[in-house]
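Number of protein chains: 4
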Amino acid sequence: MSKVLKYGMVGGGPGALIGDAHRRSINLDGKAQLVAGCFSRTYEKTLQMGKELGIDEDRLYENFEEMARKEAEREDGIDFVCIVTPNNSHYDACKAFLEAGIHVSCDKPLTTTLEDALELERLAKEKDLLFLVTYTYSGHVTAKNIREMIAAGEIGEVRTVMGEYPQGWLAEEDVTGNKQAEWRIDPNLSGKTNSLGDLGTHIENTVYQMTGLKVKRVLSKMEKIVPNRKLDDNSVVLVEYDNGASGVYWTSQIAIGHDNGLRIRIYGSKGAISWFQEEPEKIFLSKLDGSNLEIHRGHGCIYEKAARYQRLPSGHSEGWFEAMSNLYSSFIDCLVAKAEGTFDESMIDYPTIVDGIDGVKFIEACLASQEKGNVWVDM
Amino acid sequence: MSKVLKYGMVGGGPGALIGDAHRRSINLDGKAQLVAGCFSRTYEKTLQMGKELGIDEDRLYENFEEMARKEAEREDGIDFVCIVTPNNSHYDACKAFLEAGIHVSCDKPLTTTLEDALELERLAKEKDLLFLVTYTYSGHVTAKNIREMIAAGEIGEVRTVMGEYPQGWLAEEDVTGNKQAEWRIDPNLSGKTNSLGDLGTHIENTVYQMTGLKVKRVLSKMEKIVPNRKLDDNSVVLVEYDNGASGVYWTSQIAIGHDNGLRIRIYGSKGAISWFQEEPEKIFLSKLDGSNLEIHRGHGCIYEKAARYQRLPSGHSEGWFEAMSNLYSSFIDCLVAKAEGTFDESMIDYPTIVDGIDGVKFIEACLASQEKGNVWVDM
Amino acid sequence: MSKVLKYGMVGGGPGALIGDAHRRSINLDGKAQLVAGCFSRTYEKTLQMGKELGIDEDRLYENFEEMARKEAEREDGIDFVCIVTPNNSHYDACKAFLEAGIHVSCDKPLTTTLEDALELERLAKEKDLLFLVTYTYSGHVTAKNIREMIAAGEIGEVRTVMGEYPQGWLAEEDVTGNKQAEWRIDPNLSGKTNSLGDLGTHIENTVYQMTGLKVKRVLSKMEKIVPNRKLDDNSVVLVEYDNGASGVYWTSQIAIGHDNGLRIRIYGSKGAISWFQEEPEKIFLSKLDGSNLEIHRGHGCIYEKAARYQRLPSGHSEGWFEAMSNLYSSFIDCLVAKAEGTFDESMIDYPTIVDGIDGVKFIEACLASQEKGNVWVDM
Amino acid sequence: MSKVLKYGMVGGGPGALIGDAHRRSINLDGKAQLVAGCFSRTYEKTLQMGKELGIDEDRLYENFEEMARKEAEREDGIDFVCIVTPNNSHYDACKAFLEAGIHVSCDKPLTTTLEDALELERLAKEKDLLFLVTYTYSGHVTAKNIREMIAAGEIGEVRTVMGEYPQGWLAEEDVTGNKQAEWRIDPNLSGKTNSLGDLGTHIENTVYQMTGLKVKRVLSKMEKIVPNRKLDDNSVVLVEYDNGASGVYWTSQIAIGHDNGLRIRIYGSKGAISWFQEEPEKIFLSKLDGSNLEIHRGHGCIYEKAARYQRLPSGHSEGWFEAMSNLYSSFIDCLVAKAEGTFDESMIDYPTIVDGIDGVKFIEACLASQEKGNVWVDM
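Chains as they are written, first to last, in our numbering: chain A, 390 to 768; chain B, 390 to 768; chain C, 390 to 768; chain D, 390 to 768.
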């Protein structure tokens with residue numbers, strides 16, 4: 390295994406936003422190079438994309454099963470695969486590569502059922518493979534710093550959490566022509582939830598990554614607000630954590646004026662932290678003595694475990710790509726260490742399959758609560 | 390009745406914040422003059438306060454019953470009374486003045502039981518008296534402007550509302566020496582709720598004043614977070630309005646970093662409005678086309694029905710006193726019109742006893758929901 | 390002299406914004422009562438205004454000379470006069486009352502020539518009278534707190550100051566129908582400067598009140614940007630202070646988007662402070678260690694010498710009226726102390742005639758610099 | 390010439406921030422691949438860096454002259470060179486590659502004398518080579534959008550510009566151990582100016598890119614504030630543009646609390662625009678009617694000529710790397726078009742050698758103004 394790893398991609402064909410975003414994020418650090426792909430169910434599109442990306446034709450595959458098998462056989466096969474297909478094919482694709490002994494990075498939400506998620510975990514353990522679930526937002530330097538601040542006791546014990554993730558892009562009934570919108574609001578393609586599955590899991594995971602708190606039970610209210618919508622487009626979840634603290638999670642796609650408004654506010658016994666992913670270079674910290682601090686990435690107040698991911702000085706803004714890049718950076722470092730025999734679990738600084746499973750559990754509990762009339766449901 | 394009205398005050402003795410605040414708010418416009426008072430249960434304190442305020446000693450009373458009776462008998466008796474006592478004596482004091490035929494202004498929450506509130510309403514009607522309930526925040530020019538914007542259809546139909554009112558002043562267990570805090574957390578003085586009764590009713594009323602929407606049912610979760618606290622200090626209420634729209638109200642007194650953070654966000658089918666009472670000179674308006682506007686009090690975008698309350702040009706900040714003053718301003722204008730025989734109900738531009746009753750209903754429904762295990766309760 | 394003082398007003402007739410604002414500001418505290426006036430050059434308007442304000446007709450005067458003489462003769466004459474006429478009559482009005490032995494409050498800029506200002510100072514000293522110049526913005530609790538912070542060395546030695554006061558209300562050539570605008574841009578009424586005289590003096594005084602630094606020399610560039618304008622509507626002044634520090638002052642009336650944007654940023658050897666008058670409840674403090682603090686009025690971080698002016702808890706916004714009120718509050722306290730024989734100069738906590746004189750000097754130096762081609766001119 | 394270009398780098402050795410930043414920025418799009426380098430004057434460091442970056446050893450050079458010559462001779466030689474050395478070697482390095490017929494990207498400020506800059510321009514023209522000067526900030530999508538907004542007349546004619554670029558990192562006298570700081574404040578390494586040369590040129594260029602206005606004359610005041618500093622660390626420049634508009638540029642390295650605070654405010658006859666590079670996803674637009682808009686990258690209000698550079702939807706923050714990447718993106722597109730014979734000058738959407746020359750002229754005029762005692766100096 391050389392220092393620059395080789396990776397393959399499943400999904401991310403011509404025009405696909407998320408595949409492109411993963412490729413750029415990996416490019417940013419140059420720690421891995423794309424050498425194989427099955428970018429689409431249509432082979433012509435895979436060929437087109439592969440050519441654009443300069444990949445040898447013999448490593449462009451008709452389907453992911455073939456790709457998994459052939460790459461596993463090659464002397465110079467890929468070190469890991471990056472799966473960025475629609476959610477309903479995550480399970481099959483992940484399974485194919487795990488069975489072939491190839492490390493996996495997969496987009497969230499991990500699977501459409503808890504059973505599938507647990508099976509992937511079992512497989513990964515059995516094969517001793519690493520598994521990254523790409524919850525982007527925990528990758529921000531400021532998000533990592535909040536984790537360190539809370540672990541260090543800066544705000545005391547966490548008492549209550551207000552998490553929200555409003556967007557406004559589905560506020561209108563007619564979404565004709567917007568492919569992503571058409572897909573999102575169609576139960577055949579999206580499954581049983583839209584806003585909660587897409588956005589709620591990000592809140593759940595970001596809060597967990599920051600605080601270490603696991604959700605114990607939920608009471609959800611999932612609404613279909615826009616006329617003729619078949620899946621939730623605005624949802625509220627009351628949560629209770631394992632330490633007894635409480636939380637409220639709000640997700641919306643009809644909240645006009647919000648672009649991608651993931652915001653986490655954590656109130657503890659000694660202080661409070663506020664973080665807004667659209668301004669990811671800042672942390673707000675309030676203390677009992679009435680002081681309110683604005684902490685900037687890059688300036689003294691950043692812990693080493695967060696600071697090590699910085700690429701630019703303070704005031705030179707890092708954003709979404711860097712957050713995603715940080716996940717891959719740790720994942721790849723772990724892969725290299727594994728190959729060199731120096732890996733241990735404490736090196737892992739990215740969301741793993743356990744985060745993926747928790748996300749699926751969270752969705753299932755919320756769906757049950759809604760079905761039963763907004764009552765408490767244990768995770 | 391001369392143009393400058395005469396008023397009396399019950400409560401608001403030496404050191405009392407809220408009585409002082411009401412007096413200053415009324416002073417600001419000079420539309421009414423304080424001429425009588427029963428500022429305390431202790432007569433010496435009433436005398437002391439009356440002297441400080443330059444009130445004739447024969448209009449300083451030992452108790453409010455005497456004050457109501459004697460002022461009603463005087464040729465030059467008070468035109469209205471301002472009641473700023475602790476909540477548990479609102480009912481008795483209001484009743485005394487209504488029965489004596491004197492118009493009433495009373496602090497919120499109106500009473501401790503719905504029955505009492507309804508009785509006051511009955512009395513006011515019977516005697517044909519006006520009744521102001523001083524929900525301060527609806528008095529801001531910007532709050533009034535939001536009402537006009539929504540009524541004019543600027544954001545279409547209201548779909549969901551996020552209301553929050555976090556404070557941080559009760560985050561610590563030990564509140565020894567802070568009189569207001571000691572009173573607030575004591576069930577003997579505060580009744581059955583603390584944060585929800587004090588702050589939640591402000592959210593409920595401000596949303597109503599802005600949108601015209603009445604709450605139809607609630608699901609509340611009232612928490613006692615600080616160790617040894619006997620009343621809720623952090624609460625969340627899911628609400629449904631009569632038009633089918635939904636809402637979430639969060640109140641807290643343990644949210645470190647927040648001073649007096651009443652914030653209302655209203656999402657409609659065509660746009661969204663955000664308003665923050667700590668920055669009461671601004672309105673944020675977002676539209677479907679992606680535009681986000683910051684509207685400043687005093688600048689073109691303000692409706693006449695809101696603009697008429699302005700005292701200063703834009704950029705010359707108006708604040709809390711002006712908001713309270715605006716309530717009294719309309720109340721006094723109505724009293725003058727009533728005396729002159731020109732009054733009609735459409736002139737009323739302040740929260741009335743109906744708002745007061747709705748607040749009490751809201752509290753009772755939330756308490757019932759909490760008691761039954763966080764279930765839906767109709768208003 | 391009773392505890393509630395009596396005052397008279399010159400100027401502030403029907404429709405006049407600034408007279409109304411001064412009256413409300415004094416009302417807010419109830420420390421003085423308006424009992425006499427000469428509100429206009431037109432006696433009918435004085436009568437009308439006096440009636441509205443409930444003033445006895447025998448204390449409504451045809452001109453300020455008569456008012457000064459007669460009030461001085463009365464047993465119950467006014468304790469001070471409040472002069473809010475256009476700038477060009479400040480001198481004559483102030484002189485009349487000082488000569489009559491009556492304390493004076495006068496709007497800024499004090500006079501149109503330095504000679505006049507110095508004559509008023511001489512008179513006030515001779516008669517042992519107090520003199521308030523109503524530079525509003527130094528009255529904010531936060532402004533006073535900044536003064537204490539800097540005096541306490543919180544930001545070390547002041548090195549450079551960026552002051553700006555942009556407004557946008559004169560951006561259009563045609564101002565027909567806007568009386569204040571018509572007056573402002575007319576050299577016959579405004580004198581030799583418009584933006585710099587009106588706004589620049591506020592920067593100069595606010596910086597002085599905060600830092601104690603006096604301007605030593607200036608280099609100004611005064612521009613007439615809007616077509617056909619005869620006076621400066623956009624100006625920049627480079628300044629040097631007596632301690633060697635530097636500054637830049639920008640004033641504008643053509644800066645679209647700004648309402649009343651006085652902003653002061655003070656950079657020292659150990660920290661920096663930023664303050665914005667449109668959000669007067671906050672102070673921003675940055676330190677060498679990279680920490681950035683937002684200090685709220687009403688919260689722990691406020692010095693007693695500033696905190697004593699607070700009327701409301703943090704988060705209950707105070708604004709422009711309260712700032713003006715604070716000037717009068719200290720002025721009246723000093724007058725009472727003077728009457729009681731307990732006054733000493735250290736009690737003065739408001740801008741005095743010395744501040745007024747400095748403002749006039751500053752304007753004259755800027756005019757000279759502009760005339761000579763933007764060169765340095767000593768104060 | 391294939392679609393993925395080949396480039397080489399001069400400078401950017403181990404630990405060098407700016408070389409690393411350029412490499413990552415180019416990586417982000419994958420339009421060019423690094424294949425050759427002379428990363429340091431010390432060949433061992435070049436070898437080390439080259440190895441880390443996976444470059445063939447026969448394309449790692451001892452000096453740039455050798456690199457220019459050998460790469461020009463190769464069939465598969467580099468398509469362009471990226472020069473990120475200290476300023477004083479820009480001229481020699483650029484010259485070597487231009488003479489060898491290789492396109493050049495060079496960091497700003499371009500050269501240390503105007504003569505050198507003009508010679509490079511002559512050479513580039515003679516050889517028909519493209520030349521990118523990497524003024525990062527004009528690359529932001531929002532910066533490009535402002536250019537389109539102004540060109541479309543959205544704010545009318547530009548009247549005055551306030552540009553500032555404060556930093557706080559050199560506020561302390563002792564900078565021992567901070568290599569970049571040591572270099573910056575040393576006249577032997579930095580030349581005749583520090584803050585103005587480094588930061589002022591960014592203001593000058595960003596304003597030009599946004600407005601199209603060229604500076605006609607300047608009046609500068611360059612200060613050495615920190616004790617024992619030999620070069621300016623705080624400077625103000627009054628400017629006049631070719632259209633008669635005015636401007637003020639402030640640069641500082643002693644402004645505690647500022648990280649990298651480039652802020653441009655442009656006031657026109659119909660509106661005003663404000664832009665802050667630390668929050669590069671937003672544009673603030675104010676109009677005569679009192680409306681204030683916040684425009685977000687990615688949302689409707691963005692012109693096609695700016696929008697085409699977007700990689701992520703609104704709310705998924707792009708930052709510094711993307712801005713730099715956008716410069717290279719247009720530069721590389723032009724190189725490809727040139728190779729394919731489809732190039733014309735209207736395709737250029739990056740700062741060229743003309744921008745570089747203007748920067749050098751600006752510095753020279755400011756130095757002259759300071760030397761002559763803060764007087765106007767023509768460009």
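The set of hints was computed from the structure by calculation and includes no laboratory data.
In this text, all values refer to a predicted model and were calculated from it rather than measured experimentally.
Be a bit skeptical, because a hint or two may be false.
Which copy is meant is left open, because identical chains are indistinguishable; a pair holds if it fits in one copy or across any two.
[Said to hold, decoys possible] Distance condition first, Cα-Cα at most 20 Å in a straight line; then the derived DMTMM-like pairs of lysine to aspartate or glutamate:
id	residue 1	residue 2
1	LYS440	GLU571
2	LYS420	GLU504
3	LYS484	ASP505
4	LYS671	GLU683
5	LYS676	GLU488
6	LYS484	GLU433
Going through the hints against the structure:
1. When the C-alpha separation of LYS440 and GLU571 is checked against a cutoff of 20 Å, the pair qualifies neither within a copy, at 29 Å, nor between copies, at 48 Å.
2. Taking identical chains as interchangeable, the C-alpha atoms of LYS420 and GLU504 are never at most 20 Å apart, the minima being 34 Å within one chain and 42 Å between chains.
3. In this assembly of identical chains, LYS484 and ASP505 lie within 20 Å of each other by CA distance solely inside one copy; the values are 9 Å within and 62 Å between copies.
4. When the C-alpha separation of LYS671 and GLU683 is checked against a cutoff of 20 Å, the pair qualifies both within a copy, at 7 Å, and between copies, at 14 Å.
5. With identical chains, the CA atoms of LYS676 and GLU488 are never at most 20 Å apart, being 50 Å at best within one copy and 50 Å at best between copies.
6. With identical chains, the CA atoms of LYS484 and GLU433 are never at most 20 Å apart, being 25 Å at best within one copy and 46 Å at best between copies.
This entry does not satisfy hints 1, 2, 5 and 6, going by the numbered hints stated previously.
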